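Protein sequence lines, in the order shown, are assigned to chains C and G. When you read off a place in the first sequence, starting at 1, and then add 55, the result is the number in the working numbering. When you read off a place in the second sequence, starting at 1, and then add 6, the result is the number in the working numbering.
Do not rely on the hints blindly, as some may be mistaken.
[Claimed, not checked] Heads up, simulated EDC-like pairs for lysine to aspartate or glutamate below, C-alpha to C-alpha not over 20 Å straight-line:
hint	chain 1	residue 1	chain 2	residue 2
1	G	K39	C	D281
2	G	K39	C	E441
3	C	K809	C	D733
4	C	K772	C	E784
5	C	K860	C	E738
6	C	K143	G	D13
7	C	K633	C	E441
8	C	K736	C	E797
Don't read these hints as lab results, they were simulated from the structure. In this text, all values refer to a predicted model and were calculated from it rather than measured experimentally.
As a plain string of letters, each chain reads:
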Amino acid sequence: MSKIGIIAATLGYLGLLFGIAFAVDWNKNRRFKWLNSPVIYSLSLAVYCTAWTFFGSVGRAADAGAAFLPIYLGPVVLAPVWIIVLQKIVSISKHQRITSVADFISSRYGKSTFLGIVAVIVAVFGIIPYISIQLKAIATSLDLLTTANPFQSKHDPTLPFYADSAFYVAILLAAFSILFGTRHLDPNERHAGMVAAIAYESILKLLIFLAVGLFIVYELFDGFGDLFGQAIQLPAQASILTISDNIQGGQWFWLMLVSMFAFILLPRQFHVAVVENDNPANLKTASWLLPLYLLLINIFVIPIAVAGNLLLGSEGVSPDTYVLTLPLWAGKEGLAFLSALGGFSAATGMVIVATVSLSIMISNNFILPLVIRYELIDPSRAEMPERLLGIRRVSIVVVLLLSYSYFKSVGEGYSLVSIGLISFLAVAQFAPAVFGGIYWKRGNKSGAMAGLLVGFAVWCFTLPFPTLIEAGWFNKTILTDGLFGCGLLNPWALFGLEYSDHFSHAAFWSLSLNTFSYVLVSLYTTTDAIGLQQADVFVNIDKYQGGYDQTGIIKRQASIADIQKVMNRFLGAKQARKLLRLYEREHQINLSQQIEADAELIHFTETKLTGALGAASSKIIIASITKIDPISMEEMLQVLEQTREIIQYSKALERKSSELETLTVELRHANVRLQELDRLKAEFVSTVTHELRTPITSIKAFAKIIADNPQLDSQQKEEFLDIVVSESERVSRLINQVLDLEKIQASEPTNFVKIDLVQLVKEVTRTFKDQYLLSLSMPAEPILISCNKDRMTQVVVNLLANAFKFCDPEQGKIEIVIDTEGSHARLRVSNNGRAIHKDQETIVFDRFTQLQDPTLGKPTGSGLGLYISKHIVERHKGQIQLIFLPEWATSFLITLPLAD
Amino acid sequence: MKPIPQDTVSRLFVLSCIGFFCFNFPFLAVLNKPILLLGVPLLYLALFLIWGLLIFFTWRLLSKHQEDSRPPQDSSPY
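Next up, chain C with everything else stripped away, as it sits in the complex (with noise of 0.2 Å):
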């Protein structure tokens, strides 16, 4: 066919991809509904479908079967749960106006701008080699279709620039994309008309692909069964149809792996999946729109990498080119020129939407934070717009000269797919951060850093650096001896590790080292607040949609006018007065009556220009006009105080409650101890009673006799009489223990003093007129013992006298024994006389125990002796109590403590 030809339909064909485009976007929200529709997304999504599919594919069956399906089935499988996971990235970034996968990892730690910078940087190197391997499609099909003679063809490397059709169709395809994407500013990055024109070319693809299928299948053979049972007789072809023994297992899964990642987060797919997703329900069709897709895109590329092989393996063709050659060895140049317009169709949109992207990550999070602090207050400067479309513009034409370069170097002497897995383990390398952003709070920047760098590094040592190696930049030797001699370092056996491919190898290494580093550092490491706040969003977005607070606690001011000034500079003066008029009508105030902005309309602001700027450019504007840093040290320390007092008030009520809990116990004990004195009053009232009267009946009695018998005897009236002294004798001498007995309960004995509890006994004995009873058995030297002397002396008074009155005149005996045992004195007082029983043992001590014994007569005790001498014990810290001896009837012992 002729160049001429050719070159006028190609730019004919490109006009209308961009005819379009114009249309759609000159009419947007008028008429074309339908751009709006799932069909338009799922089918802007197949720009996953790029040269690599229209002729990498067939290549790669050609020599490896089956293996090219994994990056196909990658997303496929990955597809039903998108509308979990794919739908969340798009609704934070809707919430966050992100605009490219770089600005999703700086937004989601900390708006960060270093993080950014690195993002974008692994975006770029990573995709320029499949920006390159588009250049080197299109350029070997315009090759194929204006030589003499195709199957001899091939593309020579040392063609100088200017000779050379790849270096045209770069410069053309900047052209085109700089047409497509950096038309305007779009404060959302919506292209709806790039969008419109990547659906169409996927029709387009699809179809000449499906049309080249169908001719090879059924005009050159006669249908599939023709086809295979060819090729199953021949050994070498039945080979590709199965799955080769070296692609098994690892290789196959980490292809599934990476290409589930790349399906989301390749910087052009990120752009059509979540950055121009106007409605997140198109997710729901495009889950299984997408994958028939790919399934109809794919039917035809085994049977056609069978056929190239039957007909043309002989002819020494490159299989990457089967799609192109089989109708041109067929005759059919017409078909042939279609299917280069589908490659090159598959190749325009992969490298427009590539460029645009990435130029947008550049503008917004690399060149943008860079020189925004040092022009922010240069007023000469032009409007941001023009300048932001510029920094786009020459973007688009760098990162193209650069994949051209790369094709030139190192591209021609490698397979299309061998290049395009380059870069899909390089967004790969973006999963931990991203996915890990969205679903674990913990995740921080020092970590997503951290794994980025290190998943980065590996990715370039294993991957591209051997490239270049073997393209000649560096000595050869290092891929069998490693860098710098040091084995462990060769990057094709990286820490001695010889894996059945490349590929796998790299990705084993970078991804499990990016995902150990990210995860290991953020867990070791703070997280600053705004940090906090953005991985509140990002990880709970569903929390933050339903209007909830989006300024959360960072509270800032700036003046109007600062606002006013940035919203023209950034956004340009026309766009600025519509956003803010807009922002007085919705919020019903007048801005120019105002002076200080509020929180709200500096977010109003920061969202605008984080849409056409990025997260991490619009956080630097904003930061230069407000006055306070992200929350004011005053407000800090009045939350910091209103808790302090909160917890303090707390603390206070928990303490009263406390309080009041014992003081309730307390009262409880107080009152059942009233209620039992109260009852003990009585009892006591009524044995006292009971017990006067006694004696006094007998007085009355007696004294009743005496005064009706004037003629009794002398004798007799005399006894009656000592009757009548004796029983006043006792009644008064209950009274006098009654009112001991209420003294001592009244009162806590005092006027303690030191005292020889030897000497007080031996002064107590003096006093009883039967000594010839007693036996004392004391050391010489005296017992100290602090107390009450008083009220000791009545203790032992009471223990003698009960001696002696249950003794036998004659024959009794009382011991009295005094000595210390440890720090306690011990005084014993025992005597042969009448036995106490055991069982009585615990009531000799109550009050108004009488011991009855029909031999003694009538009790003469009033029973509160031994309760009060008790008691007065117990005040001294003492004991008293019954013992039994056998040699003794009765025994009484008191401890005492010693005085210090």
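Given the coordinates of chain C, assemble chain G onto it according to the supplied hints.
Below, chain G without anything else, positioned relative to chain C:
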């Protein structure tokens, strides 16, 4: 967009897992035989069949909630 019921989410997740299982070794080794079925290699026939089933079930699960997938009114001023 109306949130997807938890039940459907679980089913989609399981569907994805089944896909991952079927499209990976060692399961693929079952299909990896050099024989033709209906004139087509068994491996490719089975792969594309499973692929089709995945598409069908995804469509079935998601089409139940299709009714409100109209785009929202664009409130932006552009």
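How the hints compare with the structure:
The hinted pair formed by K39 of chain G and D281 of chain C meets the criterion: a straight-line CA distance of about 19 Å does not exceed 20 Å. For the suggested pair K39 of chain G and E441 of chain C, the alpha carbons sit about 61 Å apart, so the restraint of at most 20 Å is broken. Between the alpha carbons of K809 of chain C and D733 of chain C the distance comes to roughly 36 Å, so the proposed pair goes past 20 Å and is violated. Between K772 of chain C and E784 of chain C the CA atoms are separated by roughly 18 Å; this keeps the pair inside 20 Å, and the hint holds.
With a C-alpha separation of about 27 Å, the suggested pair K860 of chain C and E738 of chain C falls outside the 20 Å cut-off, and the hint is violated. Distance check on the hinted pair: K143 of chain C and D13 of chain G sit about 18 Å apart at the alpha-carbon level, within 20 Å; holds. For the hint pairing K633 of chain C with E441 of chain C, the CA-to-CA distance comes to about 18 Å; that is within 20 Å, so the pair holds. With a C-alpha separation of about 11 Å, the suggested pair K736 of chain C and E797 of chain C falls inside the 20 Å cut-off, and the hint holds.
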